[in-house]
Amino acid sequence: MKKLNIVLALVLGGLVSLSAQAVDQRPWHKEVIGKDCKTCHDNGIKQFPSDQACLQCHDVDDLVKQTARSEEDKWQNPHNNLHYGKDLPCQECHGEHKAKKPLCSNCHTFKFDKHKE
Amino acid sequence: MSNIDLLGRRNFIKGLGAAAGVAMASPAMAVSEKADGVKWDKEVEVLIIGSGFAGLAAAIEATRKGAKDVHIFEKMAYFGGNSAINGGLFAAPGTPMQKKEGVQDSVDRMVADQLKSGRGIADEALLRHVASHAVEALQLTMDAGAEFHPYLQQLGGHSVARTYQTSVSCGAGITQPLYKECKRIGVNTHNRSKFEGFLVGDKGEVVGVKMRQNYHFGEDQPGKVLNIRAKRGVIMATGGFAQNVDLRMAQDPTLTSEVGCTNAPGATGEGMYEMFRLGAIPVHLAHIQSGPWASPDEGGFGYVSNYSIYNFPHSMAVNRLTGKRFMNEIADRKTRADAELACRDEKGNALPPILITSYKDSKKHPNTKKVIKYNVGWKFDTIEELAKHFDVPLKPLKAQIEEYNSYVKSGEDKQFGKNMTKAKDKFIEAPFTVVRLWPKVHYCQGGVQVNTKAEVKDSFTGKPIPGLYAAGEVCGGIHGVSRLGSCSIPECMVMGMTAARSVMKA
Ligand SMILES: Cc1cc2nc3c(=O)[nH]c(=O)nc-3n(C[C@H](O)[C@H](O)[C@H](O)COP(=O)(O)OP(=O)(O)OC[C@H]3O[C@@H](n4cnc5c(N)ncnc54)[C@H](O)[C@@H]3O)c2cc1C
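From first to last, the protein sequence lines are chains A and B. First residue of the first sequence? That's 1 in this note's numbering, and the numbers climb one at a time after it. First residue of the second sequence? That's 1001 in this note's numbering, and the numbers climb one at a time after it.
To be clear, the hints were calculated from the coordinates, so they are not data collected in a lab. Misleading hints may appear alongside valid ones.
Stated by the list, open to error - Each pair of labels, with its calculated beta carbon distance range:
hint : chain 1 : residue 1 : chain 2 : residue 2 : range
1    : A       : C57       : B       : K1424     : 38 to 48 angstroms
2    : A       : E117      : B       : K1373     : 16 to 26 angstroms
3    : A       : D113      : B       : K1360     : 31 to 41 angstroms
4    : A       : I45       : B       : N1188     : 20 to 30 angstroms
5    : A       : C57       : B       : I1121     : 55 to 65 angstroms
6    : A       : K86       : B       : K1373     : 16 to 26 angstroms
Idealized CB from N, CA, C, for every residue including glycine.
Taking the hints into account, I'd like the entire structure generated from these sequences.
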């Protein structure tokens, strides 16, 4: 999978402590968010984004539709699954700056072809 | 309250560390301390920690008993703990389905079965309390919208069929309705909130807790700690510690990280250990149970576990080295897990045994299709194919099947004394379905001691610690050496409800 390594150091004027860090970002997010870390980091730059952060742009019900499975496997929909319904925070399976496996893989051998680690 | 100065001792240890130049790798965890002069960040009426069966049942019952401001705090990002991934098997004596199916059962009979598998050290008073209220707890789940398969199951160690199972064959068939019910009746739920210690009043009573906010499990990101006052009391429903390899190995050194685990990642036990620090009595910590129905071909509980729990009564478990049976397929868990662990090749390496079932019988369970589809189980048209795939000696295997089928016919298992009632007319015939078996760490019988009011007892005074209640797997001693399958849901639900009733009376 392609990921861009972009150095945010120069643009993060005031945040001296972060200045030497390179941060991974999804290419498609780069186009929308650019270099404004605060777009997602609503709890402060050094904190994880809140569970609502991704939902500024993404709609849970749309995601549910996109990942729907056949009637027999309907509860294997990661965005509306048997164990947690639609309430599973995005960050449990998706990481902007680091690779993550879907939570389901703790116990199941399902394949989610479109999931990008 | 204990008269040992734990805080002093801790500071001493910290001092040693500093002197030796040891760096603290993880963020310092807050611990219990006196509430004198603390600044309260928040005040709630009933404070519940943990969002599994016990916590959710407690929240609903407290609200029904008149509480206006109930809060559940959960350290993980998602709610439900082990309960949300559980098998959805719920035992209760004297249920409507038992009446319909003509099963003779009673509180006494269920308690007797549990005492037997507890091997003499189970807590009879608690077992009786739970069994007496189990039907009520089952009703609470139905009132909230839980649905169950229209048949009963007889699990290992139970003398009759008394187990309901949710129609989705998973505990989520209960936690999801309970969680929605909590939302509907106005219970406040907080995820990413980690309990880190108690705040204790002058008389040793629990008056509040320290709660880390915006906590991200397994990440190096500390969040902020709030002091929260609990007006009526604190209910600890934090579950077991099966995922904490250090703690489980401290109790049973054979449970290394190489032994799998069926539990949710949050089952790490710090809530229980913090209660010990406060003076709670530890019971039966070394009794940690492994599930004999798990598969080495998938993680956690997966699909195979429920598949095999359903199929064991009419299946044959076979040692691949000999082609012969090696256990009573419906003995209690410890008996079977020990027998499976003894299945090894000539060099002593693990050789997971196989469970052979006739496809015609296995396919009645909804998981069978999935087990085959996700490659964690296999279907064979002939015994030759099966034997080749698992490298089992064919002749002895054929002989064993013939012998076993004679027991199906006569109703008497001369090899292992298995109760053949549920195997009636279910001969082992092609086509077959097969899964591999290997135990996984599953349930912690040990925990803090509670009484039938869900009050936590203090080891020094012998009296309940005021303001502190506990329910569910975090409690110990109830089941003794080995817990029977499907007996945790009733325990968690009943004790959660009991804790709520006690809090509202206190
Ligand atoms: C895969 C599996 C299948 C099972 N199947 C069955 C079955 O079919 N029938 C049956 O009777 N039993 C079954 N069991 C056992 C049963 O599910 C558990 O014993 C039960 O769910 C425990 O419920 P609980 O409410 O005590 O704890 P849990 O449901 O584990 O909930 C505890 C919660 O507390 C949270 N927590 C822990 N520490 C903290 C902290 N410091 N701060 C805040 N939150 C914290 C945890 O994250 C967790 O969400 C199964 C267990 C597993 C793992």
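Now the hints, each set against the structure:
At roughly 59 angstroms, the beta carbons of C57(A) and K1424(B) sit outside the given window of 38 to 48 angstroms. A C-beta distance of roughly 23 angstroms is found between E117(A) and K1373(B), which places it inside the suggested range of 16 to 26 angstroms. For the pair D113(A) and K1360(B), the beta carbons lie near 34 angstroms from each other, so the given range of 31 to 41 angstroms is met. Our hint of 20 to 30 angstroms for I45(A) and N1188(B) holds, since their Cβ atoms are close to 29 angstroms apart.
The hint said 55 to 65 angstroms for the Cβ distance between C57(A) and I1121(B), and at roughly 57 angstroms that hint holds. Taking the beta carbon of each, K86(A) and K1373(B) are about 25 angstroms apart, inside 16 to 26 angstroms as hinted.
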